[in-house]
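Chains as they are written, first to last, in the numbering used here: chain U, 1 to 552; chain P, 1001 to 1675.
Hints are computed from structural coordinates only; laboratory data are not their basis. Everything numeric in this text was worked out from a predicted model, so none of it was measured. Careful, some of the hints might be misleading.
Partial list, derived from the structure: chain P residues whose beta carbon lies under 8 Å from chain U [stated by the list, open to error]: (1) V1028; (2) W1076; (3) G1164; (4) E1168; (5) K1170; (6) V1185; (7) L1195; (8) A1617.
Derived pair list, reagent style DSBU-like, types lysine-lysine, alpha-carbon separation capped at 30 Å [unchecked claim]: (9) K1170/P - K373/U; (10) K369/U - K1170/P; (11) K1621/P - K160/U; (12) K1492/P - K1576/P; (13) K31/U - K111/U; (14) K415/U - K1621/P; (15) K111/U - K160/U; (16) K31/U - K107/U; (17) K31/U - K109/U; (18) K1576/P - K1390/P; (19) K109/U - K160/U; (20) K1170/P - K1621/P.
Beta carbons are placed, not taken as given, at the ideal position from N, Cα and C, and that holds for glycine.
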Amino acid sequence: MSIQFPWITTIVLLPLLASFVIPVLPDKQGKTVRWYALGVGLVDFALMVYTAWQHYNFHSVEFQLTESYAWIPQLGLNWSVGVDGLSMPLVLLTGLVTTLSIFAGWKVKNKPRLFYFLMLVMYSAQLGVFVAKDILLFFINWELELVPVYLLIAIWGGAKRRYAATKFILYTALASIFILVVGLGMAFYGDTVTFDMEALSLKNYSLGFELLAYAGLLIAFGVKLPIFPLHTWLPDAHGEASAPVSMILAGVLLKMGGYALIRMNIEMLPSAHVYFAPAIAILGLVNIIYGALCAFGQTNLKRRLAYSSISHMGFVLLGIASFTDLGLNGAVLQMLSHGLIAASLFFLAGVTYDRTHTLMMDEMGGMGKAMPKTFALFTAGSLASLALPGMSGFVGEIMVFLGLVSSNAYNPTFKAVVIFLTAVGLILTPIYLLSMLRQVFYGTENPALTEEHQPFFDANPREIFITACLLLPIVGIGFYPNLVTQTYDAKTVQVSALLEHNLQSNATVIAQQRYPQYAEGSAAPPFSQMNSAKLLSVGNLNTLVNSDQHLM
Amino acid sequence: MMELLYQYVWLIPVLPLAGAVLVGLGLVTFNQTTNQLRRGSSIFMVSLVGAAMVMSFAILWSQIEGHASYTQMTEWVVAGNFHLRVGYTIDHLAAMMLTIVTTVALLVMIYTDGYMAHDPSYVRFYVYLSLFSSSMLGLVVSPNLVQIYIFWELVGMCSYLLIGFWYERKAAAAACQKAFVTNRVGDFGLLLGILALYWTTGSFEFDVIGDRLPALIQSGSLSVGLASLFAILVFLGPVAKSAQFPLHVWLPDAMEGPTPISALIHAATMVAAGVFLIARMFPVFEGLPAVMNVIAWTGAFTAFLGATIAITQNDIKKGLAYSTMSQLGYMVMAMGVGAYSAGLFHLMTHAYFKAMLFLGSGSVIHGMESVVGHDPALAQDMRLMGGLRKYMPVTAITFLIGTLAIAGIPPFAGFWSKDEILGAAFAANPALWAIGWLTAGITAFYMFRMYISTFEGEFRGHNYAIRQQLQTKKAQHQRLDDSHDDRKNHLKFPHESPLSMVLPLVILAIPSQLIGLVGTPYANYFEAFMTSSGKVIPDLLEHLEPSDWNEFLLMAGTSVAIALLGIILALFMYLKHEIDPSAIAHRIRPLYLLSLHKWYIDDLYNAVFVQNSRRLAEQVKAVDNTVVDGLVNLTGLVTLVFGEGLKYLESGRAQLYALLIFGAVLGLALLSSMT
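Bound conformation, chain U alone (with noise of 0.2 Å):
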C-alpha cells in the first residue's frame, strides 16, 4: 500500500479532537458552540463522502483506506481501521444522521457546551466501531460510545431519565462484558495472538468454541440491536432521551448490534452461524410481531416509535439468518433505510413535543390543522415505515422477503412459517403507525392542548430542512434501490458465499463441494468468480430465476 493520507483516521478522529475545543471556546450568546458544533459535523461529512466518492471502489470486497498503527505494543494494541461493503454505508449514514441531529438540537439551552461536546464525542466512538479492524479497538469504541450516550439521556432526556439511563449503560456495559471475554478468548485461540480480525476470521476454531463464542457476542449485540427479550431498555432509553439523542439511538446506535453481528457472528463463526440462524431467524420474527403489538399498546407517542424499531429490526435478523445475498443485502438495506426512517420520525416527534409538551397522544388531537407541513412530513415517514413502496423500508423488507423464499437452508415448512408471520406483521404496523396519526394529527382539537399552548406554529425552515435531508434518501433509494445497493453488493455476496460454503460444509454427505479452491485457509471467494456468476444470469435478461432455485 503505497503512502497516503490517513483518510479514516482523520474522518473518526476529528469530532474527538474538535470536542476538546468547545469548553475554551468563547461563547458569549450561546451560538458560537453550536454552529462550531454543526460545522464540525458537515466537516466531517463531506469528508466522508469526499473519500466514499475518491478513495473507495464500491465494488471490492477487501478492506480498503486501511491504516495500522501500534497503538500500545505491549498490549498488542494496533490502532488498525479500514473500511469495507459493510461499514462504508453505515459510517456515511452515522454522518448523516449524527450532524442532523447536531442541527435538531439547535434550541438546547441546558448546559450547551456539555451538550455539543459529548455529540461530537459519541460522533467519533460511533464511527470507530463501524471503522475499528482491531477487536480490541472494536471493544473501546463499543464502550467509550456508551459514555456519552447515557449522560445524554441522563442529563437531558425526560422525566424518567436517570432510570432510562442507568438501565441503559447497565444492559449495555453487562453485555459488552461478553464481547471482551469472547474477543480475548479468540484473540488467543490456537497458536497466534492477534487482535486483528481478518486474522481472527481465518483461524480454525473447534466448533464448541465457537457456538459458545457466538452465543456470547449473540448476547452481547443482541441487547443493542435489540433482539428479544434483551430490548426492554430501549423503549425506556429512546422514550426518555430528547429528540436529537433519540435521532442517534434509533438511527445509529441500533446498527451497530446488526453490524456487529455480520462483522463477527457470521464473518468470524460462520460454522456456529449454520446452528443458530433458525433461532436468528424465529427472534426476528418475534421481534416483528412482538414489538409491533407493543407498538400498538404504548400510548406514548416515543414507545410507540420505539417499539416499532424493535419491530423493524427484526428484518435485519431475518436477512442475516436467510443465508442468500439478496437477504444479506436486504439486511443491509433495511439497518440503513430503518437508520433513517427512524431519525425522522423521532426527530418529527420531537417537533410535536416541543409545541404541545407532552408525548400521551390520547392527550393530543386534531394538530392537523395547526401544524399541516408537521402533518404532512409526519405522515411521509410513517408511511416510509410502514413499508410503502416507492420509499427505501419497502425495497428493504421486500428482499429480505425474497431472500427467504430462495433460501435453501430451510426446509419449505419453516420457510412457508416464518413468511407467513413476518408478513403478518406487515398487517400489524399500519395499524399502530396510522392510528398513531389518527390520534395525533386527525380529528378535532382537544380543547385542554389548545388552551395552554395556543397559538401552535408550525415546523420552521430548520425543522423542515432536516426531515428533507432523511426523506430525500428515503424516497431516492425507494425510487432506485440500485443506487445504494450496488454500493455495497459485492461484500454482502461475499459473505453469504461464505455461508453457503459452511452451509454445504455442515452438511453430513457433500456430493460437490461448491467453492472447493477456499475451503481451507482463505475465507474470502475471490471476487471475480462472483462475478462471473453475476454475468451468467444478465445473459438471462427476462426470467428472474435465481441460480439456487432447484424446484424448476
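Chain U is fixed; fit chain P onto it per the hints.
Only chain P this time, still in chain U's reference frame:
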C-alpha cells in the same frame, strides 16, 4: 413516429407525478404562494393529465391498428445473482386501461375545480389527485408482479390520503385508516402469493408463471392444491382492492372522502384494479379450476350482497358505493367463469357510467349544501332531497342516463356488458347466472329508488322534522369546519352546479349511452380487441363465430324483464306511493334489518378483529412491562447487586458514575490483555 411514442410511454405516469411533486413541494416550502395560485396550479396539473390522455389515445389507436405489444425494462434491484427489473409493457389490456384511467381522471379533475372551489385545501386536493393518477397509470403498465405490488400499494396510499382529506372529521379519520388496513390484509395475501409463485416458478412475470406453473404441476413437483392455494393468495389482493366479500367493508366508509375521488378512485379506476390484476393473472388462474370457482363465487356473492345492502341506504353516496361493490362483483364473477373480455367490458362501461353517477351525486350534494349546509348527514341524505330535477335539470338527465345504464336497459352501456357476463355465467353454471340475474333486478330497483327519491316528487329539504331526526341520529357525524359554514347564507332551493361540474357529466353521458355498442353480440369489436394479440381487427371479426340470436334474445329478454320489474316496483313505491315501503319493511323485518345493518359484517369484524387486536396489544404490553422486563432485569438479583449503586445514582452525580464505569471497563480491558 409510433416507435418514438412507445419509447416515451413512461411519460404517461411520470407527467402527473411531476405535477404532483412540483406543486407538492411548493405546498411544503412556499405554502401561501402556492395556495394563492389556485387556478394556476390546477390548470398546470390538469393539462399534464390531459397530455397523458392524448398519449394514451394515440397508444390505443396504434394498438387497434395492430401494433405489437411493447415492453421496456430497466434494472431496479441487483443483489448477487438476483435481478429485478421494472419498466412498462403496452398491450391491448394496458392500452384500454390507460385510456379509461386518463379520461376519467381528466374529467374528474375538471369537475373538481367546481366542487372544491371553496375548499381551503383546493391545491392539496389536486396534488393528491395527480399523485393518484400517476400511481394508477403506473399500475396498468406494470410488466411484472412486483411492480404491480408497488403501484398497488401506492394507489392504496393515495386512497388513504384522499379518504382522510378532510382530516378534521373523525369519521374520515377512521375511514381512511380502515381502508388502508383492510387493503393491507389483501396485500398480505398478494405478497405471499407473489413470493410463493416466485419460489415455485422463479419468476414474477405473468406469462412465465402461466407457462411454468402447469408444467410444474404436470411434472408432479407441485401439487394442484398448493398451486391453487398460491393463486388464491394472489386473489386476496383483488378481493381487498375491488371490495369483494369478505374484505369489502372499507369501500362504503371510504365515501367520507370528497365526492370527486369517490368517482375516480372508488368507482372507476382503483377499485377496478383488482379486476385488472385478475385479467393480468388470467394465464395463471385459467388452469386452476378450483381458483376459478372461488373467484366466480366470490364475485357472485359480492354482487348479491352489495345489491341487498344498497336497497336500504339513505345516504346517496353510500348507496352508490354498495352498488359499485355489487357491479365489481359482476366483473369478478365474469373473470371466474372465464369470460375474460366480458369482465373487462363491464369494467370499461361501469367506469364511465359509475363515474358519471358519482359526479352526479356530487353535483346533488353541492346543490343541497347551499340549502342545508355543509353537513354530510344532511346534504347526502336522500330523505331530504326530492324534486331536484326542477332545480338541476342537467344533473337529473345525466343521472337518469347512468341509472338506465346500470339497470341494464338497452341500448345503454351497462346492458351490453352485463348481458355478456350473464350469458357467460349461464354457460358456466346456471346457479351463478341465477344470482346475477336476481341481482340485476335488485340493481334496477335500488337505482330507480335512488333516482326517484332524489330527483322526482317534492323537495323535502325544508322538512325540519326529518332534519332534526337526522342530526340527532348522526351527531357524531358533524363536520366541524366553521370556516365553511359561516361563509354564506343558505339558499331556499338548490341550484344547478357550475359549468366545470356539469360539463364532465355531459361528456360522460356520451360513453354511458354509446360505448356498449362496441361490444354487441353481433359485432363484438371489444372482445376481438381484447383477445387478439396485435392483429388487425377486421380480420378477426371474420373468424368470430356468429352468435346465436335465439339464445341472445332469450338471455337479454329475461334480464331486461327483471330489470323492468325492478323499475316498475320502484316507481310504484317511491313515485306513485301505491305501495308503502315501510309496510313491506315491517313485514320482512329480519331481512330489512339484515340489509340495514349491512348483514352485521362490520359489527362482527369490530367485535372479532378490532376489539381483540386491541386487547391483545394491551396484554402483550402488560407482559412486556412486567414479565419480560422483570425477568431480564432479574429483578431480585439486580436489586441486590446493584441496588446500592442505583440508589446512589438516583441521588448522586451521574457523570461521576459513568466515568467510573468507563474507567473500570478500560481497566478491565487493559488488565485482561496484559495477561
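Now for the hints, and whether the structure bears them out:
no.: 1; hint: V1028; result: 6 Å, holds
no.: 2; hint: W1076; result: 6 Å, holds
no.: 3; hint: G1164; result: 7 Å, holds
no.: 4; hint: E1168; result: 6 Å, holds
no.: 5; hint: K1170; result: 5 Å, holds
no.: 6; hint: V1185; result: 6 Å, holds
no.: 7; hint: L1195; result: 5 Å, holds
no.: 8; hint: A1617; result: 4 Å, holds
no.: 9; hint: K1170/P - K373/U; result: 20 Å, holds
no.: 10; hint: K369/U - K1170/P; result: 13 Å, holds
no.: 11; hint: K1621/P - K160/U; result: 19 Å, holds
no.: 12; hint: K1492/P - K1576/P; result: 26 Å, holds
no.: 13; hint: K31/U - K111/U; result: 12 Å, holds
no.: 14; hint: K415/U - K1621/P; result: 28 Å, holds
no.: 15; hint: K111/U - K160/U; result: 19 Å, holds
no.: 16; hint: K31/U - K107/U; result: 10 Å, holds
no.: 17; hint: K31/U - K109/U; result: 11 Å, holds
no.: 18; hint: K1576/P - K1390/P; result: 18 Å, holds
no.: 19; hint: K109/U - K160/U; result: 19 Å, holds
no.: 20; hint: K1170/P - K1621/P; result: 27 Å, holds
In this structure, none of the earlier numbered hints is contradicted; all agree with it.
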